[in-house]
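Q: Work out the full structure: start from the sequences and follow the hints.
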Amino acid sequence: MYFNQSGPLVPILCNPFYSDLTDRPCSPGEIDFNNATQVWRSYVCQVSPNGICTTTGRITPAFFDQITAVVDVINGLYNYAPFLVELQDCTYVRETFIGIYKDHCPGLQQYSRWIYIGLVMVSTAVMLSIIFWVIYGRERRHRIHKDELVANYIRGSERNKDR
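Letter by letter, the sequence shown follows residues 1 to 163 in the numbering used here.
Quick caveat, the hints were computed from the structure, so don't treat them as lab data. Since this is a predicted model, take the numbers as computed values, not measurements. No residue lacks a Cβ here, since even glycine has one placed at the ideal position from N, Cα and C. Be aware that a few hints might be false.
Quick list of the computed label-pair ranges, beta carbon to beta carbon [claimed, not checked]: (1) Y111 x V150: 53 to 61 Å; (2) T56 x C90: 52 to 60 Å; (3) Y92 x P49: 49 to 57 Å; (4) W114 x E86: 26 to 34 Å; (5) D72 x E30: 12 to 20 Å; (6) Y92 x I67: 28 to 36 Å; (7) T56 x P28: 48 to 56 Å; (8) M121 x V150: 41 to 49 Å; (9) G118 x N34: 38 to 46 Å; (10) Q109 x V39: 50 to 58 Å; (11) M127 x D72: 54 to 62 Å; (12) L9 x D72: 46 to 54 Å; (13) P11 x N50: 23 to 31 Å; (14) P28 x T91: 30 to 38 Å.
A: Take a look at the structure:
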């Protein structure tokens, strides 16, 4: 596409990392995320209805809007990536609860231990209740079955006496 670009070259955006993801300082002629849109705004030209630059500049307003959106996304990722990593490995949650525990709830550990013990006791009681219920149900079934066998045996012996 032809835009009739003129004027000085547009400075490139600084990559804040080396290939091994360590911090990298910006080289001369590079701009960082914080002021990229302000610097690039001075390179925007006025365009004709055809989209061709009519004044000095290398960036059309439409292209400026696109690169501004990209820089905003990159800047957000750069600034919020450490927080997102902390969320991913639960560091943020752990640090938050440790801070709440130390600053606002000094007796939380003691009460948490009592709650944990209580929950263990309740779950043990429920488990024992289920075990005893199963045993009771089996014994009751055996008792009913045994009573039926005895009744059938008695009926059978009475029939044999009648013959």
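Q: Would you pick out the hints that fail for this structure and give their numbers low to high?
A: The structure conflicts with hints 7, 9, 12, although it agrees with all the remaining ones.
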